[in-house]
Amino acid sequence: MRRWVPVAIGAGIVVWVVALALLAVTTRDTQGFVKLQPWILMVNAAGVLTLLAVLAGRFIELLRDRRRHVPGSQLRTQSVLMLSGLVLAPLLLVFTFSVLFLTRGIDSWFHVEVRQGLTDALGLSRAALDLRMREYLARTERIAEDLEFEYSAGLFAALDDHRRLADAEELSVVSAGGRVEAYSASNLVEGLPPPPPEEALLQARRGESFVSLDPIASGGYAIRAAVPIGAESSLQGRRVLVAMYPVPQRLADLAEAVQSAYQQYGRLSYLREPLKISFVLTLSLVLLMALLAAVYGAFFFSDRLVQPVQDLIGATRAVAKGDFDTRVPRASRDEIGYLVTSFNEMTQRLARARAEADASRHAVENERTSLAVILARLSTGVVSLGHDLAIRVANHAAGDILGADLQARAGESLASVAEGQPLVAQFLGAVRPHLEAGQMEWREQFTLRADSGRRELMCACTALPGEGGELPGVVLVFDDITQLLQAQREAAWGEVARRLAHEIKNPLTPIQLSAERVRRRLLGGLAERDAELLDRATHTIVQQVEAMKQMVNAFSDYARAPAIELASTDLNRLVREAADLYHAQDARVNFELQLDPDGATIEADRGRVRQVLNNLLTNSLEALEGRDRPVVTISTRRIAMAGGSCVELTVQDNGPGFQRELAGQVFDPYVTSKPKGTGLGLAIVRKIVEEHGGRIEAENGPAGGALVRIWLPVDEASRGTVGPRGVRKQEPRREHA
Amino acid sequence: MLSLGALLAGAALAAEPRFEIRNAFTEPVAGVWHLNANIELSLSEDARGALAEGIPLTLVLDIELTGERRFLPDEDVAELQQRWQLAYDPLSDRYVVTNENSGEQATYAGQEEALAALARIRNLPLIDADLLKDGRRHEVSIRATVEIGGLPEAVKMLVFWRDWSRATDWYTWSIKP
Chain P
1 MRRWVPVAIG
11 AGIVVWVVAL
21 ALLAVTTRDT
31 QGFVKLQPWI
41 LMVNAAGVLT
51 LLAVLAGRFI
61 ELLRDRRRHV
71 PGSQLRTQSV
81 LMLSGLVLAP
91 LLLVFTFSVL
101 FLTRGIDSWF
111 HVEVRQGLTD
121 ALGLSRAALD
131 LRMREYLART
141 ERIAEDLEFE
151 YSAGLFAALD
161 DHRRLADAEE
171 LSVVSAGGRV
181 EAYSASNLVE
191 GLPPPPPEEA
201 LLQARRGESF
211 VSLDPIASGG
221 YAIRAAVPIG
231 AESSLQGRRV
241 LVAMYPVPQR
251 LADLAEAVQS
261 AYQQYGRLSY
271 LREPLKISFV
281 LTLSLVLLMA
291 LLAAVYGAFF
301 FSDRLVQPVQ
311 DLIGATRAVA
321 KGDFDTRVPR
331 ASRDEIGYLV
341 TSFNEMTQRL
351 ARARAEADAS
361 RHAVENERTS
371 LAVILARLST
381 GVVSLGHDLA
391 IRVANHAAGD
401 ILGADLQARA
411 GESLASVAEG
421 QPLVAQFLGA
431 VRPHLEAGQM
441 EWREQFTLRA
451 DSGRRELMCA
461 CTALPGEGGE
471 LPGVVLVFDD
481 ITQLLQAQRE
491 AAWGEVARRL
501 AHEIKNPLTP
511 IQLSAERVRR
521 RLLGGLAERD
531 AELLDRATHT
541 IVQQVEAMKQ
551 MVNAFSDYAR
561 APAIELASTD
571 LNRLVREAAD
581 LYHAQDARVN
591 FELQLDPDGA
601 TIEADRGRVR
611 QVLNNLLTNS
621 LEALEGRDRP
631 VVTISTRRIA
641 MAGGSCVELT
651 VQDNGPGFQR
661 ELAGQVFDPY
671 VTSKPKGTGL
681 GLAIVRKIVE
691 EHGGRIEAEN
701 GPAGGALVRI
711 WLPVDEASRG
721 TVGPRGVRKQ
731 EPRREHA
Chain V
1001 MLSLGALLAG
1011 AALAAEPRFE
1021 IRNAFTEPVA
1031 GVWHLNANIE
1041 LSLSEDARGA
1051 LAEGIPLTLV
1061 LDIELTGERR
1071 FLPDEDVAEL
1081 QQRWQLAYDP
1091 LSDRYVVTNE
1101 NSGEQATYAG
1111 QEEALAALAR
1121 IRNLPLIDAD
1131 LLKDGRRHEV
1141 SIRATVEIGG
1151 LPEAVKMLVF
1161 WRDWSRATDW
1171 YTWSIKP
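Line by line, the protein sequences are chains P and V.
Counting along the first sequence from 1, when you hit position 376 you're at 376 in our numbering, and nothing is skipped either side.
Counting along the second sequence from 1, when you hit position 26 you're at 1026 in our numbering, and nothing is skipped either side.
The hints are simulated quantities; they were obtained by calculation from the structure and are not laboratory data.
Errors might be hidden in some of the hints.
Label pairs and their calculated CB-CB ranges [as the list claims (entries may be wrong)]:
#1 1093(V) x 148(P): 26 to 34 angstroms
#2 1083(V) x 219(P): 17 to 25 angstroms
#3 1166(V) x 75(P): 54 to 62 angstroms
#4 284(P) x 1083(V): 31 to 39 angstroms
Backbone N, C-alpha and C fix where the C-beta goes; we use that ideal spot for every residue, glycine too.
The task is simple: from the sequences and hints, build the whole structure.
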């Protein structure tokens, strides 16, 4: 409820009480308040109307709340009815008794005996005055007899004498025409004496004596008598003697007192019924006001009682919906107020706890996000496993190294993921023994064998605490160190090659020269058999030295790493030239070229790329020796990547393919399955490819035969995208499809 | 409660007897304009009862005299009020009519005679003839009010639904000295 309403109602009640008090004052006829009476009545009426309007509004509001099942409406109804009933009963009791008391009291004031007593007292007063009036009338009649024959000057003197003798106030003789002939008064007045009443003169002229008791303007009474003087005269008409006698003071006072009481009683008697109604109405007004004020009070107190409960209900619902900022205003300092304070403290604590939980969650989420970013950018594989080997978390690099999308299969057991995934199966085979043995902290290097070669992994395992009551798991961090090992091996082989070239090549020339000198010196002087032997021996020496020179030169080439000179190179053209050259060498071999029709131009050192093709085709031709329908398939295709483009070059033959035991080592120097091979051909190929920022893989094709795949970046900008496993990260697609 | 009051007031109004100014005129007598008027003054039974119980009755005569002016509002020349009181004196069993302005008093044996005397206004001095401009048109308006008096104002307010006072319409005529 709005705050000003109780204040206005309170002020109205104060005004009303003051108005009632003033109303009570006005009944004592205090003149100052009499003027205020209409306003006082209006204030009362306005108070009643205002209270009625306010209460009607409150009742309608209460009924509406009950119909809508607003919380607290029933409690409010009960409290209003109870408080109203508590006030109504005594009020009605007081009202009934008051009305009865008033009406019966007023009736008792006007009891018949009282009126009769006053009437009797008045009659007694009249009787006493009548006696006096008759006496004065008789006295006046005697004077009239004496004055029958008195006229003019004698009349005045006689009138004066009689007035003194009769104790009259005044005596006057009025002629038949109404003119005062003579006048005598104890107190003379200026001017003409006031004329006697017409009524008295008329009666006297008719021959009848007249006597009356006249109230005097100045207060008190006088007895007036009018008596005809003598017999009626036809000439002059009948004169009238008019006499005024004072009423004795004692008698006048008593009579006045009786009359005053009688008049007062008469007035009150006249006002009896109106007064009764008035008092009952006033009382009803007071009762109504009190009743309405009480009912309003009941509403007011029920509001004070129920409002905090309603607030608490609303706030509880809000809290249930998660709004912990809800606060209930504390309206009082009683138990309800204590409850409200406790509720507010509880919601404050809840809000604080939720804020802390939110902050913690945000921190955890931030950390997880950071961790996810870090994991995603790591080239190191990270896999978190539960106690049941279920994958909790795996980063992209892990899936890349193990050749399976581990992120997509989070939640699944690593054993189920390993089905159909040979690398994952080998990884599991290496990891499981440790875990089954209860080893949670270990570090180990192991080798995975794939069709494309061996992969050396360095794997570290660390225990993870269990979350939410789960058993502890492990986190496996592993890195593909194949490249690293390869680089180390290459560095070692490079050093070996350099030393071989240096140490072996130097003595070869003297050996060859010595052998030729021996042959030249001795060949002519020896017998035919010896000469033939010498010739054969020296020839063999020279031949083998030459072979060794070639071998040393090959090692020298491997160890040497001159700067490459990049230039725009049409790979398709180089492929065609190489195919033509080798087809000319061995027309038996069929070269199938599947070259990208959109071109395969790359930035590369043309000579070195040609050497790559030569080495690969040499290997293929050597592998195809003795084969029926030898076929070498060479293909190029351009692949678009996220950070650039590359060209994929594949060379496949239908020969015996790589030996299984050499898988993963075919690019190592001096690893060959050929009886005459140096084992440097593929090593040099890979070195050239890696110098160009490319990548190479060797495996056996689906239908057998060796399959070598090379990815070379088309330009400098694309170099970073091709590197180790770079191509696999992207879904290849044809450009200019 | 209010409806009860309205009912009582309605009943009082329904029984209203006639109260009006029957006729009135002014005449110059010895250089003074005098007023004569006859009032139709009939009292209700309730008022007669109140009178008989000793509650006095007051007749108030409001008199206004205005002078006509061209282009300007009329000039208030004179305004006076005369009050008479009619009361029953139970001891003498007479009705006393008192002029409250002059203090003159007359008594009557019966209520009717007293009311007749009250309703008959004769030779009431109004204004000195010299104060009226010759040839100018003047208007005299009178209105009579009869009140049941002698009761405390508080009592009147308590019994507020009673018609304690009645007034006639203004009675207006013109004179031209």
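Do the hints match the structure? See the list:
Restraint check, residue 1093(V) to residue 148(P): a C-beta distance of roughly 32 angstroms satisfies the suggested window 26 to 34 angstroms. Look at residue 1083(V) against residue 219(P): about 19 angstroms separates their beta carbons, and that is inside 17 to 25 angstroms. Distance hint for residue 1166(V) and residue 75(P): a CB-CB separation of about 58 angstroms, consistent with the stated range 54 to 62 angstroms. Checking the proposed 31 to 39 angstroms range against residue 284(P) and residue 1083(V) shows it holds: the Cβ atoms sit about 37 angstroms from each other.
Every hint, counting from the list given before, is met by this structure.
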